[in-house]
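Full structure from sequences and hints, please.
These protein sequences, in sequence, are chains A and B.
Residue numbering for the first sequence follows my numbering, beginning at 1 and increasing consecutively.
Residue numbering for the second sequence follows my numbering, beginning at 1001 and increasing consecutively.
If you are wondering where the hints come from, they were derived from the structure by calculation, not from laboratory data.
Hints may contain errors.
Lysine to any residue pairs mimicking SDA-like chemistry, simulated, CA-CA at most 25 Å apart [stated by the list, open to error]:
1. B:K1509 with A:S178
2. B:K1348 with A:Q163
3. B:K1335 with A:T117
4. B:K1335 with A:N165
5. B:K1040 with B:D1191
6. B:K1509 with A:A146
7. B:K1348 with A:D159
8. B:K1059 with B:L1027
9. B:K1392 with B:T1369
10. B:K1511 with A:P211
11. B:K1348 with A:D152
12. B:K1510 with A:T181
13. B:K1079 with B:T1247
14. B:K1511 with A:R180
15. B:K1510 with A:D152
Here the structure is a predicted model, which is why all the values come from computation and not from measurement.
Residue strings, one per chain:
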Amino acid sequence: MSAASLAAISRPFLFDSAVLNRMPEFPKLAGVTPASHLEVRPAPERVSSGVSQIDALTGGLPRGCLTEICGPQSSGRTSLFLAALAAATNRGEVCALVDAGDTFDPVSAAAAAVDLTRLLWVRCQEKQSYSNNYQHSNFTSKVNRADYSILDQVLRVTDLLLQSNGFGLILLDLGNISSRTARRIPMASWFRFRRAIEVTPTILMVLEQQPTAGSCSSLILQLKTSEPRSAKKTDIRESVPAQLPSHAKLLENFSIEIELSHTRLERKPSSNTRTLLRTHSAWAVS
Amino acid sequence: MSCFACIFVPDFPAESIIRMEPELRALPVAVLAGKAPLEKVFAINQNARALDVEPGMTKTQLDAWTNLVLRPRSELQEKSAHQALLDCAQSFSPSFEDSALDTVLIDLDGLEHLLGTPPQIARQIAHRTSVLGLEANVAAAFDPDTALLAARGFPGMTFISEGNEAKKLGELPVNVLFEGLLSPEQQKKTDTILETFDRWGIRNLRALAALPEIPLVERLGQEGFRLQQSAQGSHRRTLKLVQPSLTFEEYVELEFPIVLLEPLAFVLNRMLEQICNRLTARALAAQELKLCFELATEFRAEEESENSVAQKRSHNSNSPSVHAARSLTFNRTLKLPVPMLDARVFLKLLQLDLRAHPPGAPIMKIHLTIEPAQPRAAQGGLFLPPFPEPEKLELTLARIAGIVGESNVGAVELSDTYRPESFHMKHFAPKEQDPLNTPKHSSKTQTSSENFACLQSTAILLADGPATTSITNPQESEAPVTALRVFRPPLQAEVTMLEGAPVRLACPKKKNVCGQIIWAAGPWRSSGDWWEQEGWARDEWDIMLQNETGIALYRLVRDHFSARWTVEGSYD
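Quick look at the structure:
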C-alpha cells in the first residue's frame, strides 16, 4: 500500500467523502460499508391508543414494540388497556389478552366499545399439580407458588401467540402478579418477545405494577391516581356534600396522572412527559 | 368419435391394503379370507405370484414362505379404495361408469382441449391413481369395452387407436373377458363359459372373434354374441353414468394394537394424506374431522363396570361407549372454523386433541371420516389489518388449550341477562375483514356488545339511580371508560356498617383490601330470575379505601339470600 493511501486512511475518514468514494479501490476495504452509508432502521409505525391525551403524549402506540403500562391498583391501567383494545378491534385487528389473574370483565370491555368477537381471551389459573410439585422447594418458599405457575402459563402462551402472527395487539395483564414475582420473569423472555414482534405489525402491551422488561420496552407509562382537587364538581370525594345519604353519591370518574417515564422512540425535545386524564364510568351523567 | 379410458386395479384386495401400508409394496403380500383356522388366500400381489403363491391356498400351506406378509381381508378398506378410484375418475370427467369394485370407465369426450391427446390423458390418470396409493392399469380406446379389455390384459398404460381394436386385443387370453371381482353367481356362469371355450379350443380373443356368429349365438345365446363383439372391438354401448357420494372416509385395521401416540400419528398421517388427496381431486376442503377408534376388547371387562356408571351420569358422545356388538369405541369430533385442506395441520390438531383426551385403551381399528365443504375463497386487500392464518390460529388455540385448559381459551359472549358474571366462552373464530367494508377509524358503528352495555347502564339507572339522567355513548366521549378488574372468586369481606353505610372493610384473604372506607356510594340494588330456582338479589356499593400506595376503589356486594359481603372487583 502506498504512503498516500495510508495517509488517506489514517485521517478521520468518517467525515472525508473523498476517502469514502475511493474505498472500493483498496482491496482490503472493498467489502466494508462505511458507517455513514449503513441503512437506518425506519421508525416504527404508530397507531392510536384510543385516548387522545396518550396519543399527544407518546405519539401513539408503536407497532412491533413492547409497551409497558405500570401503576398501583386503581390507577387507571385497565381503563387504558380497554381503550387501546377498543381502538384496535375497531380498526378490524384481531387481539389477544393473556389474563394472568383472570380479572377481565367482559361487561366493562363491552362498555368501552371493544369488539368481543375479535378478542381472544386466555385465562390463566393456578394449576394444583404444579403447586404440589413445588410445595417443598426452598426456591419457591419465598415466592407465591400460585403466581409462579401462572407466570409459566403466561410465558408459554405468549410465545405461542407471538409465533402464530397475525394479531394486531397482544395484551399481557400482570396487574395482579406481585412485583417481586414479576421481576422473576427472565430477561431472555422479554428479549425473545421483542425479537418476535420486531418485524411484525403486532403491538405487545404489558400491564403491571412496576416496569420489569428493562431495556426491551420501547415505551413505559407510569400511572397513578391524581390527588383529588377541592371544589371540583366532578371530583368523586366532593361531588356531593357529606350530609346527603350514600345512595345520592355516584362514582362518575377519577383522575389519572400519566407520566412518560421512558421511550426509545423519536419525540420532540420540548414535548411534555406528563398529562392528566379523566375516565368516565359507563353510567356517567351528562 | 368419443374416446374412453378404463382404470383397472389388478389384485384389488391386496392393493387396497398396500394403499394404507406403502412399505408392503416391495414385499410379497397375501390376503386371507374366511374364519380362523380355515382361512384361505383370497388375493395376492405380483411379488407373491412370483413366489408361486396361488389363491385358494390354506394358511398352513403358506408357512412354506417365510417372507410372505399375510393380512386379513378388509372390506371397509376395499370400499375406501374404491371411493378413491371414483374420486380420481371424477377429477377428470363428470361422465364415468362404476363398472366394478376395481374398474372405472371414463368418457374423455371434450377433454382434448383441456388435457391433451388420449395417451396424455391416460398418462395423467395413471399418475393420479398412483398419488392416491393405487397401482392401476390405464387403457384408452374408442369404445368402452375395448378399453376395459385392454386395461385388464395389458399392464401399465395402453392406447388403442381407432380401427386397431381387433388386432391389438387378439393376443389377449379369453379369461380377460371375466377378470376382476365377481359374485359367486357370476363366477359360476363364467366358469361354464370358459369351460365351453376350452373344449372348443378357443384360447385367445382372436380365435373367439373368428367364430361364426350364428352358431355361437345358438350355443351361448346373446351373451356369447356380446363377448364376440367385445373381442372384435366392435361392441358399441353408452356408459351407465354414476354420481359418487360425498363420503370421504378411511379405515384401517391394525395387526397389533397401538398404545402410544407416536405410532398412531404415523398411521393417521397416511390416512389423512389419502383423504386430502381425494378431496383435492374433487376440489373440496374439510369442515369436520370424525375419528372413531375401536379399542382392544380384552380391556372391555375392566371398562364395562366403569362405563355402566359413567353412562348413567353423562351422555357425552366422546366418552368410550359399549355397543351391542360387545366392542369398545372411542369417538372424537373436531369442527374446523373454516374449510381447510392441509394434512399436516389436521394431524397436529388430532395429536393435540388425543393428548388432551386419550382413549384409555389400546387401539385395534381406526375409522376416519371427513365432512367435505366448498373450499374458502379469500379476497385479499392491500390495506387490510393483520389477520392470523386460520390453520395457524387453529393450531395455536389447540396448543394454548393444552396449557390452560379448553374452557379457559376462546372468545367471550355476553349472555342476555343482568345476572352478574353471565357470559360464556365460545370457540374463537374471527371473521376476516371484507376489503369492501373496511372499518372506520372514528368508530361510528355500534356493535351489539356496545348496545348491550348501553342498555345495561340504562337498566341500572332506571332501577335505582338518581332522577335526572342521560346515557352517555362511550364512543362519543374521548375519555376512557372506568374499567372493573373482577376478583374470581369474589373476596369474602367483613363490613362494619354505620347509619346504613359501610364504614370499615376487612378481607381475611387479602390484607391490602382492608381499612377505613373514606367514601361510599350506594346501595344499587339489582335482582332477577326470581321465577327460577337460582334467583339472585344483591346490593352493590362503590367504595374507596386508603392504602399504602394511595387510594383504591372497590365494588362491594351484599347478597340478600346469604347475607354475605364480598368484594367483587376493583375499579382501575
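Checking against the hints above, which ones are violated? none
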